[in-house]
Amino acid sequence: MPVVLPSAASPYLKPLPQPTARNEEFLAGLAERRFLVPQCQDCGDFNWPPYPACRSCLSENLRWTEVSGEATVFSFTVVHRGPGAFGAEVPYVIALGELAEQPRPCLVLANLVAIDPDDAAIGMPIEIAYEDIPSENTTMWRWVPRAG
Amino acid sequence: MSSLHRHAAIIGVYTTEQAVCLLRSSASLQLEAVRSALAEAGQPARLLDGLVPLDPSPWGTVPSGHMYWAEQLGERPQTFLELGSAVGGVAKAAAAVSAGLCRLVAVFWSRTSDPGGPPADWTASATDDLILGSPPVHGGDPLAMRALWTRRYMHEFKVTSEDLARVAVDQRHKARLKPDSIMGRLGELTVDAVLASGLLRDPLHVLDCPGENDGGYAILVASAEIAADSKTTPVWVLGGAEASGPSLYAAGPDRVPLTDGPVRASADRAFLAAGVGRDEVDVVGVWDDSTATVLNTVELMGFCGPGEGAQYCRDGHLSLGGSLPANTDGGMLSNSNCGESSGLHLIEVVRQLRDECGARQVPGARIGAVQAQGYGTHTHAATLVLAAD
Numbered sequence: 001m002p003v004v005l006p007s008a009a010s011p012y013l014k015p016l017p018q019p020t021a022r023n024e025e026f027l028a029g030l031a032e033r034r035f036l037v038p039q040c041q042d043c044g045d046f047n048w049p050p051y052p053a054c055r056s057c058l059s060e061n062l063r064w065t066e067v068s069g070e071a072t073v074f075s076f077t078v079v080h081r082g083p084g085a086f087g088a089e090v091p092y093v094i095a096l097g098e099l100a101e102q103p104r105p106c107l108v109l110a111n112l113v114a115i116d117p118d119d120a121a122i123g124m125p126i127e128i129a130y131e132d133i134p135s136e137n138t139t140m141w142r143w144v145p146r147a148g
Numbered sequence: 001m002s003s004l005h006r007h008a009a010i011i012g013v014y015t016t017e018q019a020v021c022l023l024r025s026s027a028s029l030q031l032e033a034v035r036s037a038l039a040e041a042g043q044p045a046r047l048l049d050g051l052v053p054l055d056p057s058p059w060g061t062v063p064s065g066h067m068y069w070a071e072q073l074g075e076r077p078q079t080f081l082e083l084g085s086a087v088g089g090v091a092k093a094a095a096a097v098s099a100g101l102c103r104l105v106a107v108f109w110s111r112t113s114d115p116g117g118p119p120a121d122w123t124a125s126a127t128d129d130l131i132l133g134s135p136p137v138h139g140g141d142p143l144a145m146r147a148l149w150t151r152r153y154m155h156e157f158k159v160t161s162e163d164l165a166r167v168a169v170d171q172r173h174k175a176r177l178k179p180d181s182i183m184g185r186l187g188e189l190t191v192d193a194v195l196a197s198g199l200l201r202d203p204l205h206v207l208d209c210p211g212e213n214d215g216g217y218a219i220l221v222a223s224a225e226i227a228a229d230s231k232t233t234p235v236w237v238l239g240g241a242e243a244s245g246p247s248l249y250a251a252g253p254d255r256v257p258l259t260d261g262p263v264r265a266s267a268d269r270a271f272l273a274a275g276v277g278r279d280e281v282d283v284v285g286v287w288d289d290s291t292a293t294v295l296n297t298v299e300l301m302g303f304c305g306p307g308e309g310a311q312y313c314r315d316g317h318l319s320l321g322g323s324l325p326a327n328t329d330g331g332m333l334s335n336s337n338c339g340e341s342s343g344l345h346l347i348e349v350v351r352q353l354r355d356e357c358g359a360r361q362v363p364g365a366r367i368g369a370v371q372a373q374g375y376g377t378h379t380h381a382a383t384l385v386l387a388a389d
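Protein chains in written order, with the numbering used here: chain U, 1 to 148; chain A, 1 to 389.
Same shape as in the complex, but just chain A (with noise of 0.2 angstroms):
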């Protein structure tokens, strides 16, 4: 008996040239084949939003690969991003697509023999840009370039440096209830004293950014069987969804992502995947690489409009006693910067929905939300929905 399920189907196949010596870059085969294999369904390369990279190293790393795509097809976020090989790719894509995770996904491979061409002198972040050096030759960096987004953030929203540092002191405040956070022992803030810590990257004061430190950790994921034989209450994840962009360097007709792109994509489709609302969100940890980021990302989480976070920061929601307290054990800003510090902000998540958090517990907290992002501020993003029954 066949199957019933049309969900997903597969509508564009292309081969490029097969060779035993193939003098051509990995980079312009895999767009050659992308692209007819596009031309061949007549779909436009816009449409694209799920990549499987069967071999991503023209373009570096896992997540770099993405971010290169991402930009390479118009600076859209890509919501489904997999490896592996090409017919279990497609199953995942197919799986993918019927869950609503994307909509047209890409499976693609290429082998060549030329040693030279990408990607030794191409990138796969324009913020690192080999072609031309920037942002170093210009006496760039990360940090320089988060400077540019929040200015322009800033601009747009009419937002103070004030807004910005109140953050810092919420978070501060947080970390000082949590006894092995690792900047709570140095005391509350101000929004004068983050003010006066000094300019990093104008307007970044260096009480805006966090600093940077050792540590680890580890998340168990298990099925609800072992979950029913574990020492532990269950926290279940409802919903999650994954979105990766390109740098805040890159340009497009979306110019910076302060109202869309990747943030906005994982969290909207991983509310919808959790069929949770957000005024169901308890308690909430948000990336804050910087404190503008915080305010940034409340609003492309939907928790309130665009260009409304520093009010709604200043009306007390993301503080203890809010109606959406935020970065509970004072975040990347004050508890732990270890390197890939959304780990910790759904650590914290769960310990709120178990109720462990002793004096910074929000009092029954059962549904939580946890947004990460990574490579660049709003480049690599991912939102989760956890509930405690």
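Excised from the complex, chain U in its bound form (with noise of 0.2 angstroms):
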């Protein structure tokens, strides 16, 4: 069950991923609750973040794959000093989560919500959750403790 979490305030005033014809396939999986990431259909890596050709082969042949949302985190820093509108909501967890498919690790960056950032530690157990900003008629992905 893909875990959804209450949508953003209005207005939202961070900034956010620019739509283009490279993400659109993206951000509308988002919007389905569909975490995809572009697999190589050449070796079956998967490639994170994406990128113009698959990092293992050079092919180009990728295809955005949906995957479990499962993972764990790999690394992650408590901003205390946040830029922009971020300011006002310091102390705000970044992480690295590492994906549960294989073999290439992917590590995506989503802010770790959710969780007293005193509680954020290396090796916990995350999944991808998603966050409708209603007044940008678009979803952000973020990490949320998994139970596990």
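Hints in this document: simulated from the structure, not taken from any laboratory.
The beta carbon of each residue, even a glycine, is placed where N, CA and C say it ideally should be.
Heads up, some of the hints might be wrong.
Unchecked claim - Partial list, derived from the structure: chain A residues whose beta carbon lies under 8 angstroms from chain U: (1) S134; (2) V137; (3) A218.
What the hints assert, rightly or not - The calculated label-pair distances, taken between Cβ atoms and stated as ranges, are: (4) G339(A) - S135(U): 50 to 60 angstroms; (5) L272(A) - P91(U): 38 to 48 angstroms; (6) E308(A) - G44(U): 35 to 45 angstroms; (7) P134(U) - V13(A): 52 to 62 angstroms; (8) N213(A) - A88(U): 28 to 38 angstroms; (9) L23(A) - P103(U): 29 to 39 angstroms; (10) T20(U) - H155(A): 31 to 41 angstroms; (11) E340(A) - E136(U): 32 to 42 angstroms; (12) G123(U) - E356(A): 31 to 41 angstroms.
Since each chain comes alone in its own frame, lean on the hints to assemble the complex.
Put into structure tokens, the structure is as follows:
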């Protein structure tokens, strides 16, 4: 079951990904509660962040593929002085989560929410959660703690 | 009489479609060309360690383009980086192969009329990630990315905040011996003062990081003939090497460059080229965009083992009077951080080897090393080994 967070309040003053032809499918996936990662159709490896060609074999034959959303915390930082509108939210957590999908490890960056920053730890299980931003007609991805 | 040199050979060639107007991106043409030349030679992309991108513009400026390719080729350091024409590019690539800087070099070009496609919405650096806006959409920035790496480093090797603070204390002490250092006049530091300076991006405190200031510099490199005719003691470049890797954020089989990557690649090649052992180095300049970088860089340069940097510092090796005084002017942390500050580390080592450093002089310093990084810790690394006779 995908985790859906409460919708973000309006106005949303933090930066968001700029919709482009290249990320359109990924952003549409978030609205459908699917986390899509480019998968090489020639060698099978996942690639993150999205890049022009597969990092394992240089093929450009990549397709957005749904992943489980499950991950573990690879590293994190607690920001105490945040830029712009993030200033009002300190302290907040930015975490790199290593996706369960292998063999090429994918480290996905996102805010780790629904947790006391003091409780964040390397190795803790996390999963993708979806936060709709109705005023911007878009959805963001976050990390939340996962039971397990 | 034909040459007996047989050190480097051309093993693969490929041309893409050539047409008046190609409706394909430069990036795609370059990828196809590199991929296909490798295929013709029967060699895998993972062997590429040298690049001559005759047009780096799809990927940004010269160093950015190298960061893109280092990541695209599987997050591996590229140890030969060059620009120029194809013929000159091959000439220099052959010289680099002969010199042992690299083993397989791609020389490649593209031009296209297609105004769209990459580079506008791709990025040369995964840290920028124009596709998805990371890290800014998560309230991140380069310092936050460095903090992520620092926490992983501390986790893997049981390094404490006190260990990091010790680096800041030691370098501030050295800066106080350099009259024109920017931070020296602010007085000595203690570990407690560093920890009390406030967290910027946990685990990095304010005093774990350099400030930013203005300043410039120049370095002249000359032939032996001109050096003999100069007013200064020559400081000889015994060997040097460069290696470019992807940004911190890139994921790969060696997920973070804590034990390997561009710093180690450049240091190993430089010391090999110089014919100098680590134990012969009298003074060192070490990239210090954070206190953690200093400890990890000393490990990656081979002065101590992986994860041993904190103990090495605790034992006093990096301090004045130790076996490997580092950043004797206070470094970026306490002397100056003027933008491309590796030149300052280099100039300080040169001055040490010329015996010009007064109160902070390392007595009898004869062999020095300098390690520089840029574009996001570990990303664009270089090492030089220097000697004054």
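These are the hints, each one checked on the structure:
1. S134: Hint holds; S134(A) Cβ to chain U Cβ min 5 angstroms, cut 8 angstroms.
2. V137: V137(A) check passes; min Cβ-Cβ to chain U is 5 angstroms, inside 8 angstroms.
3. A218: With a minimum Cβ separation of about 34 angstroms from chain U (threshold 8 angstroms), the hint on A218(A) is violated.
4. G339(A) - S135(U): 50 to 60 angstroms: violated, 39 angstroms
5. L272(A) - P91(U): 38 to 48 angstroms: Between L272(A) and P91(U), where Cβ atoms are some 46 angstroms apart, the hint holds.
6. E308(A) - G44(U): 35 to 45 angstroms: holds, 38 angstroms
7. P134(U) - V13(A): 52 to 62 angstroms: holds, 55 angstroms
8. N213(A) - A88(U): 28 to 38 angstroms: holds, 30 angstroms
9. L23(A) - P103(U): 29 to 39 angstroms: holds, 35 angstroms
10. T20(U) - H155(A): 31 to 41 angstroms: The hinted range 31 to 41 angstroms holds for T20(U) and H155(A), with Cβ atoms some 36 angstroms apart.
11. E340(A) - E136(U): 32 to 42 angstroms: Because 38 angstroms falls inside the window, the suggested range holds.
12. G123(U) - E356(A): 31 to 41 angstroms: Roughly 50 angstroms apart at Cβ, these two residues miss the hinted range, so it is violated.
Figure legend: structure checked against the earlier numbered hints; hints not met, in rising order: 3, 4, 12.
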